[in-house]
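Residue strings, one per chain:
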Amino acid sequence: MAERINRLASNRRFLLAIFSSENDILAATADARDRGLSIADVYTPYAVHGLDKAMDLRPSRLPWVCFALGFAGAGFKVWFEFWTSATDWPINVGGKPWNSLPAFFPVTFEVMVLFASLSTVAAFLLGRGLLPGRRAKLASPGVTDNEFALVIEETDATFCLDEVTARLRVMGATSVEERVEQESV
Amino acid sequence: MSDNSSKEYWKSLERRSDGVRPLPVAGDEFASVPDAPGGERKGVELRRRDFLAAAGFVLGSATLSGCARAPVEKAIPYLVAPETIVPGRATYYASTCGACSAGCGMVVKNRDGRAIKVEGNAEHPVSHGGLCAVGQASVLGLYDSHRLEHPLQDGQEATWEVVDSEVTHRFDAMRKSGAAVRLLTGTVTSPTKRRVIQAFLKSFPNAKHIEYAMLSTSAICGAHRKTHGQSVVPRYSFDKAAVIVGFDADFLGTWLSPVAFTAGWSKGRRADVDTKNFSYHAQFESRLTVTGGKADRRVAIAPAQLGSVMNRLASLLATRAGVAFGATGDDTDVHAPVIEGLAARLWHARGKSLVVCGSQDVATQIVCNFINHMLGNYGATLDIARPFAEGEASDTGAQELLRELQSGSVDALIIDNVDPVYDLPNGAEFEAAIKQAGLVVSVADRINDTSKLATYVCPDHHYLESWGDVTLGGGFVGFQQPVMRALFDTRSVLESLSIWSASGSHKSDQALVRETWGDQVAWNMAIHDGFARISELRVASATFRNAAVKPIVDAGRPSGQELALVLYPKVAMRDGRHASNPWLHEMPDPITKVVWDNYASIAEDTAGKLGIETGDVVRVTLADGKSPAIELPALVQPAQHDQVVAIALGYGHPESARFKQVGPAWLEGKPTLGDNGLVGTNAAKLLTYRDGTLRLSGEHVSIAKTNRTHSLACTQDYHNIEIPASLVLPGMDRRRPMIQETTLAAYERDGTLPSHGYDAHHKDLGDLWPDDHKYEGYHWGMAIDLTTCTGCSACVVSCQVENNVPVVGRDEVARKRIMHWLRIDRYYSDSEGTTDILHQPVMCQHCDNAPCETVCPVLATAHSEEGLNMQTYNRCVGTRYCANNCPYKVRRFNWFDYAHEDTLANMALNPDITVRTRGVMEKCSLCVQRIEEARIEAKKQGIPIADGDIKTACQQSCPAGSIVFGDMNDPKSAVSKLIKSGRHYRMLEETNVKPSVGYLGLVRNRDENEDPTHHG
Amino acid sequence: MASMPSTIHSPLILGDKNPSDVTNDICASVERGPSLSWWVAISISSSMLLLGLISVAYQIMTGIGTWGLNNTVGWAFDITNFVFWVGIGHAGTLISAVLFLFRQKWRTSVNRAAEAMTIIAVMCAGIFPLIHMGRPWLAHWMAPYPNTRGPLWINFRSPLVWDFFAISTYFTISFVFWYVGMIPDLATLRDRLKAGWRKTTAGFLSLGWNGSFRTWLHYETVYLLLAGLATPLVLSVHTIVSWDFATSVIPGWHTTLLPPYFVAGAIFSGMSMVLTLMLIARKTMRLEDYITEQHVGAMCKMLIATGGMVAMAYLTEFVTALYSNSPYEQFAFMNRAFGPFSWAYWIMVGCNILSPQILWFKRARSNMLVVFVVTIFINIGMWFERFVIIVTSLHRDYLPSNWTGYSPTWIEIATLVGSFGLFLTLFLMFCRFIPVIAMAEVKGVLSHGRKNQ
Amino acid sequence: MLTRDSKLQTLTVVLLIGAVFSLATLVARLGAFHIPGNQQGYAPEQPIAFSHRLHAGELLIDCKYCHSGAETSRHAGIPATSVCMNCHSIVTDTLGSIRAEDELAKEEKRTARRMVSGELQKIYDSLALDEEMKTKPGKVPKPIEWIKVHNLPDFVYFNHSAHVSMNVACDRCHGAVETMERVRQVEDLSMGWCVNCHRTVNHTGIAGTPVDASLDCAACHY
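Protein chains in written order, with the working numbering: chain A, 8 to 192; chain B, 158 to 1173; chain C, 6 to 458; chain D, 1281 to 1502.
Worth double-checking, as some hints may not be accurate.
Stated by the list, open to error - Only pairs whose alpha carbons sit at most 20 angstroms apart, straight line, appear in this in silico EDC-like list of lysine to aspartate or glutamate:
no.: 1; chain 1: B; residue 1: 231; chain 2: D; residue 2: 1492
no.: 2; chain 1: D; residue 1: 1416; chain 2: D; residue 2: 1405
no.: 3; chain 1: D; residue 1: 1344; chain 2: B; residue 2: 1094
no.: 4; chain 1: C; residue 1: 204; chain 2: C; residue 2: 36
no.: 5; chain 1: D; residue 1: 1344; chain 2: B; residue 2: 606
no.: 6; chain 1: C; residue 1: 22; chain 2: A; residue 2: 31
no.: 7; chain 1: D; residue 1: 1422; chain 2: B; residue 2: 1094
no.: 8; chain 1: B; residue 1: 1096; chain 2: D; residue 2: 1425
no.: 9; chain 1: B; residue 1: 1096; chain 2: D; residue 2: 1492
no.: 10; chain 1: C; residue 1: 110; chain 2: C; residue 2: 322
no.: 11; chain 1: B; residue 1: 231; chain 2: D; residue 2: 1325
no.: 12; chain 1: B; residue 1: 842; chain 2: B; residue 2: 606
no.: 13; chain 1: B; residue 1: 931; chain 2: D; residue 2: 1492
no.: 14; chain 1: B; residue 1: 1097; chain 2: D; residue 2: 1405
Since the hints were made in silico from the structure, they are not lab data.
Assemble the whole structure, with the sequences as input and the hints as a guide.
Dropping the structure here:
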């Protein structure tokens, strides 16, 4: 037991179950959640709808980033256009008023979209650690093709490996295996 | 800090030579002149262009290195500074234009030692401030790379000493031997020249002075010799005439002294000043001229009809005057009612009328004199006591010389600045005959068809480099003074003749001119003014000799329905002596808008009958078969008489072969020259001699279509004032209101222009933002009077010279890419069987709500605080959006680098104006450089700019004074007064772009039922 | 199933595919070596591109004068091509974003290629505003950046500046959208390919994607947000392009109708070009199971709808002109239909209004050859639409003295050919190196319309 | 795996150091950075080592004595060689060397030679003068080719007289020329620099006098 505790301190243990269909993974995930298992993650070749509920995940907060940066971009741009056209060096252009606000909107809109989308994408990539050249840690080589992988973390001593493995097989897992992750010190 | 680190870069850079041709320096006097006038800016145009082109390319790569430096420029000062020259400041000299024999007064702008612009002299008694296109362009002749830089002997470079000693030696021998010496010149209008020639020839026992001109006044002189005993051309005063009748005399365009005549004529047509004394102008002419275009009544007649029309008029007037006249004229003629009405008008305006005739026939001119005599116009509107010119009464001198030459009896022939091989019909015979002469001395500024035959070519100064004088008529004489040091080793012909004279006295041209006038004029004042009033040249003894008057029997041929040839001088090209001037070739003809060509004008009906279209090459043959046929493109011309084939003289000049290089060279570029390697075709071969005068019109010709075509480059594609009926919705006005016209009767009654559908709901649209742009200081504006604008295009060339507008060549014009900042729109307007011609100068309208400015992405065009639409070339990236969005299409794009390769010609560039590079937009700036100059001067003196202090280049040149520029905020300014006129309107006012340029509607002295806007 | 086929319930993907089949089928075109026809195609297209490059280089070295433009007609082929390509570039984003928002699942088969086409078309479009400048080396002056000219910025009132921002934003967003959509597929590719530069590249570009559903969740959000942003963007871009004309004072340009007219036209032309390319791709790349008649039919219906809008716009223009009582405006449209360039106008009407009418018939819609011919007609017609708007409005505006004609030079024609060369070359490269169908998305809709699952 | 990671780390570190180093170099160069066309600091060697410090600084000769065009023309002008001769027909060398020669002559018991400095000799050569200040026969006078220091692009119109008459001091644009041995371009003469001054003086005036400096493009560009 002491040895096991010792092992837990330095290593994390996971149970990896591979499924071959969308329906199986949905059911298995929901089942695991209902059983109070700690779902580390699910790996799918495409966005399986309903899996967020099955995993009990909160909705993404990226819309807030999108809104805030978009708003900031638009605000900055409209101020910048006003400043350059009416304040910094007011130049009479075709008899138009110094502050030609309606004419400033098209660019403001474009800049808003640009800020909002680029910042959203940037936040997403940074938040999820997706960076160029980054090596992928794959649960299984097939998760980008046709496999669905459910990864359950063995969180505590009460975790019964065999029971869970059996359950997963019942739920349609084509294979179940245990993985140990070396904790870097 | 790091200032010293970069020193090494500089030493290593050599000054770029750019192939700048060093100015030739005459003489080696202790350097009181710089070795290059304006040395600081020498060759700067090339560097500028290179810099602009290179800057963009360099930018990217050089940004990081930070060590890119502009080329080293040198500043070369004078050794000993002349007192009168301040580098960068222009000096102005009064002189007299030498581009033709009219003698218009001019003021020459000299900048850093070189003449760069000529303008009219506002105080001049003849030209009153205007200057025609030819005069404006003549400054480029100074910097003509084809000018001879030194005398030639047998085609080889020689020195004056050698030439003089040999020529003098041979002349001395001839004086002794009594050999025949002949001096051939053009029409001599300079008293000094006449005096020097006479003095020179007197020393020879057998010497003769022969004058000839392609466009001679011999018929007028001959007629006056017969009717008044004096071989003169009277001084005509169009300003004093209430009724003006022109018979084939294009006095507003090319006839005698168009600038002076336009000034006088326009004085009688100031609709705002005085509608009561608005003159009546009738014109009988065979082709369409600018004069006919301005006439209140224009009648197209065949050359053959001229005699009968004038006979009829003379007989009607003779009846009223109670004088006998041998004929009654044809009262069944279709024009009979017009002539009768005209006779009544003329009779009513006795002593205040003027009848002029451009015929080369003495008998016709006699009838013209008779008419003027009966009307009491001599002494009133015609002055023969102080005539415009004295001249030969016949054109046969040159032909006699030809026979003498052919017989080999001429020992020495001196040819002074004329080219008979080119401009006489039997030029080829001349060429052969001149070779028979023992000694041929040519005083020509270049190698031409005639001077290449000479043993000695003694190049004359350009008129801007020499002293001279011109008889102006009316008791005035005009003076020429050198406005800059002679560029080359040339010498005034006056000086040459004085050296070659018997006395061998070497007198300078200045001394010779001064000698002529002695105490008659206050010399310094005369030179300062450019003219002087002198005591009467002759005492009038002008009793009219009725005996001389005979009705015109056969004024012109052919008599039937055959085609008659009419040769004519074009407004820009005249007799072809300026054929080396690209500005004049590229000036659109005021009537046809064609550039870089002459053509056979054929009336619409005739062309239809013959199946000829514009651009078809036709063969024109004189019916008598005396001359070889010429082939040239046809142009279908409205309003021309059906029986007329009109061809411009002055084209096909050998000198025009140089324009091979004009225009951009690129894959689809087409040459400026025609198939003959020249610009146009020389029509001088078709000139004929009859009754002692050289005839321009009346010969019977046949015309045949060839299977070739030659497209004419025309600046305008659509010619009618009305838009095509097929593209207009029923019930809508076909006429757009860009040109508004009315009749005198209607204008007297209403005081305004007739209203039209366009402005009904568009007048005074107001502003959405009235407070943002108030123009509190100056607000520059312009008003152009369409009543007096003749379309003569002096403004076009003046603008080109002032603003460094490039010449683009024929192909580019054909592609509708002419660069002129100021164009003159020409429309034909058909009403009641007659065709009116409408001219409208259009330049940037400087809209206060300028559509072009709004769309420029980089602020290269914006509005100034004084209402100018500014164009910043160096900021322009060339999207052409502004030009697209300009309702007036006045913006001009540099499609190519319109080369300025001729470094000599580049000396005529205005150093205050940027030479534009490829890919930038340009347009009229309302001569902002002149505004800025005036502002700086006014600021220095602490006073506001006075009205009239600034004259734009177009305004300055306008002989009719049709263009007025000034401050619209100053209620007392001339332009403000014109804006208040009932005739004032702004083009496309309904778009609310608020142009600062406005127009004064066209008024013709017609009854209201003749109102051209009230038809259909 | 076969007895009552309906769009909603019939399967989107035929052949009873499972995810693995999808991966194999679609990656096949990337993995197998280029076919002979691909080589033939790319050599033709790159020759066209080379011709275009030579003509552009010649034009930039010699001057804009090598085009047939003049003082009156300052824009012609250049901006026509620009608007044409921008219009083409609308379909991709429309299919990706708008159809995504409308939950049109059939989009998944075509969105990747449509987006690629968008990006390539926008690249083609972007070239023209650049090379049409008199001094393209100063194009950076369009951007507001601090410089030695002190307080001189740019003119934010100019529609060209709006255009500059709109096109660059549109290109950026389209590219990001396309790339984000491609990350999972790149990961698939990475995991399939044998070691080599292509695997390395796919690995580099797939950003370490591992199919984690936590990432998928955010990914879906990002995709939704991008779609939400791209939808107004796609409308704004062509609206702004139309403002280049609509805010001017030139009769025939100056009309409030232009924004919806241009947007409808852009979608119309873009859909048509997508269909043209899809029909070729499904045939040559054996993708009939993925791009089915149902897809083609749906797009044909969109063609009829947008074509109707365009027809409506053509009609409205005339009515507006008639109603305006502005003689200049009326003339502009009379001149369009009956003036010297009426041939271009009637080509436009024939191709854009008449030719799509055949698609009302189901038999026509299911005949791929007919559809293909119709789309080619529409492509031609839409090019002429822009030509008509630009050239016929400019060549005869207010003052008859300025009326001119216009005819293109060989340089201009070669440049147009070159832009097609660029378009086709890049598209062929795309087909060769990138999965042409969004595998991850298609896998998500495999079950669509299948009864048992 | 570990070895690959450490390789990557090494590479990252090397690259990072490289980047920092380049940045440091760039920052150091930033002071010397010039946008093309900006010739601030330009001080070319002139054909004659004319010292403004001596003439304008020590001898207090007014700028406009030599650059007389500044008041009347757009160009301030480079003085004609004859202007130099107003003084240098008499002053031919530095006082020091003349005295030295005097003393040397005294020591050697001869009449002092006329001393002509090497730089001034160039002036005399330019005018083709001999030691007696007489024209050397057979020699052609040749103007001195100075190197222009303050170059504006050709598309800019600048008028000296407009500024001088408004009491803009010479050193406002040219810096303290009276302290320079060799003339150096002190200001960058960029458009932004011009515009800023024009804007400032419209608020502050020049020497208490209100002025109206134009901000229109066409004030300088046409």
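Hints versus structure:
no., hint, result
1, 231(B) <-> 1492(D), "33 angstroms, violated"
2, 1416(D) <-> 1405(D), "9 angstroms, holds"
3, 1344(D) <-> 1094(B), "19 angstroms, holds"
4, 204(C) <-> 36(C), "11 angstroms, holds"
5, 1344(D) <-> 606(B), "55 angstroms, violated"
6, 22(C) <-> 31(A), "18 angstroms, holds"
7, 1422(D) <-> 1094(B), "34 angstroms, violated"
8, 1096(B) <-> 1425(D), "34 angstroms, violated"
9, 1096(B) <-> 1492(D), "10 angstroms, holds"
10, 110(C) <-> 322(C), "36 angstroms, violated"
11, 231(B) <-> 1325(D), "12 angstroms, holds"
12, 842(B) <-> 606(B), "15 angstroms, holds"
13, 931(B) <-> 1492(D), "17 angstroms, holds"
14, 1097(B) <-> 1405(D), "39 angstroms, violated"
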